[in-house]
Every structure is written in structure tokens, then in C-alpha cells.
Amino acid sequence: MDSVFSHTIAAILTIGIISFLYKDNPLYKFCESLFIGVSAGYWFVQQYYANLLPKLFDNLGITKLVGAENAPEGALQALFLEGRLDDNLLYLIAGVLGVMMLLRLSPKIGWIARWPLAFTVGSSAGLYFITYFQSNAMSQLEHTILPLNSFNNLVLIVGTVTGIIYFYFSKEHKGVFGGAAKVGIYFLMITFGASFGYTVMSRMSLLIGRIDFLFGTWLGLVK
Amino acid sequence: MKFFEKLMSIDRRVIFLFVGVALIVPLFLDIEQTIEITPEVQTLYDAFMELPPGSKVLMAFDYDPPSAPELQPQAITGLRLCFDRNLKVIIIGLWPMGPMQANLALETVFSEENYFDKEPIYGVDYVNLGYSPGNELVIQRMGSSIPATFPRDFRGTSIEEIPLMRGIVNFSNFDYVFNLSAGYPGTVEWVQFAVDRFHARMGAANTAVQAPLVYPYIGTGQLTGLSGGMKGAAEFEKLTGFIGKGTKFMLSQSFAHMIVVFFIIIGNLAYFVTRGREEKKTG
Amino acid sequence: MKAFSYSFTFYCLLGLILLATTDGLAQVESSDSLLSPLLPPSEVIAEDHPGDAGAAIIVRWKLSPDEDRGVTGYEIVRSTSPTGEFSSIGFAAAGSNRYVDANTEDSLTYYYKVLAIDVDKNVSESELSPPARSSPQWFNFHLLNLLIIGGLICGAVIYFIAHAKKGKKLFLRKIAGLEAVDEAIGRATEMGRPILFIPGILDMDDVQTIAAITILGRVAKTIAQYDTKLNVPTSRSIVMSTAMETVKEAYISAGRADAYSDDFVHYVTDEQFGYVAAVNGIMVRERPATCFYIGAFFAESLIMAETGNAIGAIQIAGTAMPAQLPFFVAACDYTLIGEELFAASAYLSGEPKQLGSLKGQDVGKIIAMSAIVIGALLETFFAISGSSFFGSLAELVHKLFSIVAS
Chain P
156 MDSVFSHTIA AILTIGIISF LYKDNPLYKF CESLFIGVSA GYWFVQQYYA NLLPKLFDNL
216 GITKLVGAEN APEGALQALF LEGRLDDNLL YLIAGVLGVM MLLRLSPKIG WIARWPLAFT
276 VGSSAGLYFI TYFQSNAMSQ LEHTILPLNS FNNLVLIVGT VTGIIYFYFS KEHKGVFGGA
336 AKVGIYFLMI TFGASFGYTV MSRMSLLIGR IDFLFGTWLG LVK
Chain Z
44 MKFFEKLMSI DRRVIFLFVG VALIVPLFLD IEQTIEITPE VQTLYDAFME LPPGSKVLMA
104 FDYDPPSAPE LQPQAITGLR LCFDRNLKVI IIGLWPMGPM QANLALETVF SEENYFDKEP
164 IYGVDYVNLG YSPGNELVIQ RMGSSIPATF PRDFRGTSIE EIPLMRGIVN FSNFDYVFNL
224 SAGYPGTVEW VQFAVDRFHA RMGAANTAVQ APLVYPYIGT GQLTGLSGGM KGAAEFEKLT
284 GFIGKGTKFM LSQSFAHMIV VFFIIIGNLA YFVTRGREEK KTG
Chain R
939 MKAFSYSFTF YCLLGLILLA TTDGLAQVES SDSLLSPLLP PSEVIAEDHP GDAGAAIIVR
999 WKLSPDEDRG VTGYEIVRST SPTGEFSSIG FAAAGSNRYV DANTEDSLTY YYKVLAIDVD
1059 KNVSESELSP PARSSPQWFN FHLLNLLIIG GLICGAVIYF IAHAKKGKKL FLRKIAGLEA
1119 VDEAIGRATE MGRPILFIPG ILDMDDVQTI AAITILGRVA KTIAQYDTKL NVPTSRSIVM
1179 STAMETVKEA YISAGRADAY SDDFVHYVTD EQFGYVAAVN GIMVRERPAT CFYIGAFFAE
1239 SLIMAETGNA IGAIQIAGTA MPAQLPFFVA ACDYTLIGEE LFAASAYLSG EPKQLGSLKG
1299 QDVGKIIAMS AIVIGALLET FFAISGSSFF GSLAELVHKL FSIVAS
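Protein chains in written order, with the working numbering: chain P, 156 to 378; chain Z, 44 to 326; chain R, 939 to 1344.
Careful: at least some of the hints might be erroneous.
Unchecked claim - Keeping only pairs whose Cα atoms sit at most 27 Å apart, straight-line, the calculated BS3-like set for lysine-lysine is:
| id | chain 1 | residue 1 | chain 2 | residue 2 |
| --- | --- | --- | --- | --- |
| 1 | R | 1112 | P | 329 |
| 2 | R | 1112 | P | 184 |
| 3 | P | 378 | Z | 281 |
| 4 | R | 1112 | P | 337 |
| 5 | P | 337 | P | 326 |
| 6 | P | 326 | R | 1303 |
| 7 | P | 378 | Z | 161 |
To be verified - In silico negatives: residues of chain P with every beta carbon more than 12 Å from chain Z:
| id | residue |
| --- | --- |
| 8 | 263 |
| 9 | 288 |
| 10 | 338 |
| 11 | 340 |
What the hints contain is simulated information worked out from the structure, not anything from laboratory work. All C-beta atoms, glycine included, are put in the ideal place defined by N, C-alpha and C.
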């Protein structure tokens, strides 16, 4: 009975969202508002239970400190009760950075929030530089160095080189260079076409999923 | 000529209607469709088949319900294949809802008659370690210590108490990584960190939107195989012999593709004909 | 006829004898395989895993000669004493000859054995490995090429930033989509309708969002001059506050601080499709004359661009997400493709850091193009002539870019 009720609600919401294809209407507006509200609430709860509670409060021992039952002992207990420096004490730095981020809400001291932001941007930039450079530049480049003895290899090499030429910004696209850039953009457009095809498949799949839900799970017409 | 002009100003809802019919009608038809196996899916399947029984497979569920129609059939097929070959499965998710999708897939697998008697044992044959926030940094951390990254499983049990997790420290303890991805964080991040940094062997199942992004990793050997979208799901099902929703939905998919191709051709034709007339008028 | 029947009988007998003999031979061989013990892997070597932070030992061995006779894999066992108890630490698939034990203590010495296991669960144990101890290293020499090439590009970026800071002009080619920005804002003003700016759905740690905010600054400045309404829904709270600051600064610098309102920028939800539903609703109800989609996008790109197209808005997009570019190209009037987004941001801001970074990356592109062209030619000459000279040169170019698994 429960599942019939929940499936019916899900079906009404699905139909409500799909009705936008016909035109904007009150049911769509209702579903949209509900979706935004529920998702924002869900994200808040999710962030608390997946991030704050296990990573910060549990690891530091704050949950234990406030007297929660079955809460694990954390870094603060280790420090003050056992006189031991636990690795989890590092979460204290993350916690302080998080609080600094929240100071953004205060107009007077909002500038402090730039520090944790700088930390996030700086550490991500360092991490991504290496990973992208290794996986998406070096490895790809090495595997593009191929003999020009097959049509596939030729297409791969010409496509890669002319594509790079299109994204070269230090020279105006004129003459031979401009011609090569034009070839590059043709390659890009062909790639976009292939990618578009894949996406059509993806979108259709999502719709099939909902139709299967409506006609199969909800109405039981499709086995 | 007026026909083409009318066609250019056709109400988009007419197209929606055609596509809707093309998607719904085949669900009620019982037509067997030929599914050709592509090399990427074949190598993905081969990679699973090469694993000796008892090998440990890390399955990363990086998607949520909106992408389930494409990825859930692949997850179910992957799990069936692992259990049938007696491979041990360790589930994690970089998306909050990923591990829940994994539980749904497990429910589907175990609800089948074949599995009533020999249902794999939780903690021995498979485990769900749940979600960990931090996107790709989770993968990075798993490279140094999996117990520190996932101290407890989905149910809150300490991983020290889970027999399957004994001796698992980092990626070197996994024989294969299978990533189901719908975007960020997903296969790109797994390749960058798990494969290129920690030398894991990996295959992936992606939504069709993501597939072109990760194709370059196959040529370089960074990925052993790739199953993209519903078509990939149908191929994977055909290879394993477990026919599921991937195969069932392919007919609707094909019908819809035919409609789309038809409209693209006729739309372009109308565009060029009407543009030619306008040029003549202005010229 | 008689001759035929004799020869027929002869051949039948011969066939029977051969059949019996081969069957017998097969039996002998199969019993032989059952009797002969499974041969173990040999030459087990254990040594510190190079170029890491310690706590890992790499074990290598020569495959069992019986690899083709049903070996299913190798079990790796270790002990801290050659005569002590060995415990299993992992399993390697058949055909593999290395295993990384990544759970060692740097202060201890370890001894390893590798056990071949076949289909019948027969086990054959190797000799003991020499003692091994893990240790940390400061430098990973396997990534030296990464350091050199990365250093070259970073050096070029720093050089060009310094160059731009001195006030020297750096040439950047024109980017077509940019010229359309002012035109699109002007059109919205003429129509008296708002302008919608979507800065992607990723956070401020994504470089595309940073570029989007730079472009938003420029767009907001023009809007302030025209006195048109701006609407910036965001899906990340940090993006919201950064965008708010940027728009405010733009209005102040345009001398229109009075026209600025905090309502221009607002947070919707982090949930991808919830955000799209909200943006779609805004589009249909407010009917903006111009829509900007600049930043990092995923599946929502097509839904938004399609709705924008349906309401007849001028649409300008810019993203470096390869999978989303096709939809923007198809549904928008102008699209900044990939790196053009960053170029546009550098072009508009005129900031030395952005300009220098772009020029530095151009150096990287020259390196990449040269390597591909030279490498491909060397590979081709080698394929045609078979000359080892070309072969070794091509290998050298490969090595320059290859990342070796240690």
C-alpha cells in the first residue's frame, strides 16, 4: 500500500514536470517549487550527516563531548585525557577554515572568508595541474605520436594538430595558419556532432526510464 | 515550397509527440533486436572474465537516480557477473546517492530466482562502504589508506569487523576497479588518480553524455574497457547472458533515434530550401 | 574390387591402431600432468618501491613454467623473519609478475614468498626473497619529464605575466563571440527586458567559474551603464557571494552604485536538476531578452539553451566542458569554445595574470604540436625504412612524454 501511494505521488510529480513540454502551467510550477525546496533541504541534511558529523564532530570528539550516546572518542579526548596527539586533530584546521568561510555573512569581517577560499583554490590548482597534465596532456600526447601509415592515424594527427592551432591565441588566423585553424574547427564540429548523437541517446534513455516507471512500475502495464 | 515553410515553423510539441509515441509503443512490442558488440564493451567484459575467482573488484557508484535508467542496468549486470564468477565486490560512492543505487541494484540481483539459494554473504562476498565526501580527494586518500577514508561501512559497522576488508589497504589490494559514472566526480577523476597515480586497472560504464569524454582513455590503455549509455548496457547484458532492462529499452531507443534522424534530415532540407528562396528574394 | 576391399581393410586396421595409440599417448600425457608437481615461480625479488613516501615494497618474480597449465594466480606471503610464520598479503592474477605490498613499516625487514596456485588448488611455493625494507624518497625520478615540461610551461607563464605587468602589450587574437556581448546587452535594453547570466554549476575552485565571474564583471558594468535589469541565479553559495561582490564593484566603477541591488544575484539550490527547473521557470516567466551561459555545465546545458531558444532570447555561451559544447553551438547565437572562454576572460579583464597565463599556455601548445609532428615523422620514417636510427629517435620522443609505472 505504501509503495502504491509513493509511486502515485512520484507519478504525479513526473507528469507535472513533463507537462512543461506542452506549456508552463500551475502543476509544473508546483512541482518545480517542491523540487527546489526538497533538494535544497536534502543537500543541507546530506552535508551535515556526510560531512560535518562524521568528518568534523566525530573525528574531533565533539559528538562525545556533548554527551551523545555511542559516539566515538575523538582527537580532543586523545589530547586531553591521554595526552596523545591524534592525526584527526588536523580536522581542527579544517573546522577553523570552515568557520572563517562562514564569516562571509558578516559584512564587517567578511574579508576573512577570502583566506579559506585562497586555501581551497590554491590547493585544488596544485593538485589538478599535476593530474590533468599527466592524464590528459602527457599520456594523450604520447599516444598521438604515431606513424602516418594508416587513415586513422592520419585523421588523429591532423585533427589534433589543427585543433591545437585553432586554440592558439598568439597569432591571427590568416593565411596557411588560418586555413589550418579552419580545418581544426571542422574537426571540432564533427566531434560535436558525434557527441550530440551520444547525448540524444542519453536523454532518450532518461525519458524511457520515466516512461517505464509510469507504465510499468506505477500502472503495471509493461512487464 | 509552402510545405517546407510550414515545416520550419512547426510547433515543437508535434516533435515531442512523435518522440513520445516512438518511445512508448516499443515498450509494448515483443521484437528481438540485433545488438552488435563494440570492442570497448568486449574488452570491459574480457577484463572481468580474466579475473580469477576470489579477486577483489572495487565498484564505484558515482551517479544518482536521474541517471539510473542508463547506469542501473550496467550496475546490475556488473554485480551479477562478479557474483557468478565468485569475485568479491567492494562498493563505494563519490556521489551521495551512489551507494543507495548500489543497494537497489543488489536488491534486484538477489530478487532473481537464481540467487535465492546462493545469495552472496554481506561482509564476505560483498560490502557497501557508503559515500564519502571530498570528490576526487577521496580517491587520492584511498591511495594511501582505505581504512582511514572509509572507517565504517554503509551500515555503520567498523571495517575492522568486516572479513572482506581484512588486508585491504589501498588500490594495490584491488584486482580491478569498475566505475559507474554520470559526471563529476567520475571516470575522468578515477583515471587521473586511481589509474595514473596509483596504477589501478580500471574499466567504466558511463552515461552516453560522458562517454565521448572518456573515449580517449581507451586508446591510451588508461581504461581497459568502456560501456556507454543504454547501448553499452544492452551489449554488456548480451555478453554476460543476463538480459535486463538495457536490452529491453533498446527498442524504444532505436525507434526514437529513427524519429530524431528523420526530423534532422527533413529539418535541414527545409532550412536549405527556405534559405535559398530568401536569398533569391533579397538577391 | 578385391584390391579395393584389401586396401580398405588395411586402412581401417591402420586407423584403429593409430586411434588406440594416440588415445594411449593422450592418456600417458594426462597422467603425466597429474603426476608432475606444479612448478613454482622463481627469482623472487623484493625491493623498496621507488619514488614514494615509504611504506611500500615491490615484489617481482619469474612466472611459473606451468603458467599455461592451469595456473589461476599467485598468492604473495610475507614474514619479518626468514624462518618465521608467513602470512598472506595479497593475490596476483595469472600472468602478472609483480605485486606492490603497500602496507609495510619502514623500520622492519620483510621476506617474501610467491605461491603459484592452479585450478585444482595445488600450491607450489617459491624460494625465499632476499630481505627488503621500505623507505621514503624525496624525489620520484619516474616523473622527471613531467617536471621538465611542466616547469617549461610554468616558466613561460611566469615570464609572460611579468612581461604584462611591466605594461608591455601582449598580442591576443580577436575572439568573435565577444563582439556580440555589447550588441546583446543593447538589444535587451531596447526591448526593456532583463538579462539572465548563468555562471555554470560548479564552485569557485573551478577555473571556468572564475572566468565566468570575470566576464560577469564586464557584462554587469555595461548593464549598469544601460540601466537594464540583471538576474544571476547561482547553484553554489560561494559563487553567489563572489558574484554579488563582482556585480557590486562593476556598478560602483560604472558610477551607478545607486542602481545596484543585492537581488541581482541569488542562490537557488546545489541540486543540478532542481537548479535547472528554477532557471527554466525564470526564463519562461521573466522572458529575458539575452541569456549568458558562461562557466562549467553538465546535462543542464541543453535544457537551458533549448528553453532560451524557445523564448526567442539572444544566447551567448562559453564553456570548456567538451560534452556540453555541441548543444551550446547548436542552440546559441555565439559560443566561446573551450579555451576561448579563458581567452575572453583575459581579453576583457586585461589582467596581466590572465594574459600571461594564456600566452604561457600557447608555449605549451607549441611544444605539443612540435612533439606530435616530429614524433609522427620519425615514426613514419622508421615504419618505411626500418632504420634503427629513426626508431630510437622516435622512442626518445615517446619517452619524453610517457609516464612509467614504477
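Here is how each hint holds up against the structure:
A threshold of 27 Å between alpha carbons decides the hint, and for residue 1112(R) with residue 329(P) the separation of about 12 Å falls inside it, so the pair holds. The suggested pairing of residue 1112(R) with residue 184(P) is violated, with an alpha-carbon distance near 43 Å, which exceeds 27 Å. Restraint check for residue 378(P) and residue 281(Z): the C-alpha separation of about 19 Å stays at or below 27 Å, so the hint holds. Among the hinted pairs, residue 1112(R) with residue 337(P) is consistent with the structure: their alpha-carbon atoms are about 15 Å apart, no more than 27 Å.
With a CA separation close to 14 Å, the supplied pair residue 337(P) and residue 326(P) stays within the 27 Å bound. A threshold of 27 Å between alpha carbons decides the hint, and for residue 326(P) with residue 1303(R) the separation of about 12 Å falls inside it, so the pair holds. Taking the CA atoms of residue 378(P) and residue 161(Z), the gap is near 26 Å; set against the 27 Å cutoff, the hint holds. Non-interface call for residue 263(P) relative to chain Z: holds, since the shortest CB-CB distance, roughly 31 Å, exceeds 12 Å.
For residue 288(P), the non-interface assignment is contradicted: its Cβ lies about 10 Å from the closest Cβ of chain Z, within the 12 Å cut-off. The beta carbon of residue 338(P) is kept farther than 12 Å from every beta carbon of chain Z, the shortest such distance being approximately 20 Å. At roughly 17 Å, the least C-beta separation between residue 340(P) and chain Z is larger than 12 Å, which holds for a residue marked as non-interface.
Against the hints set out earlier in the document, violations occur for numbers 2 and 9.
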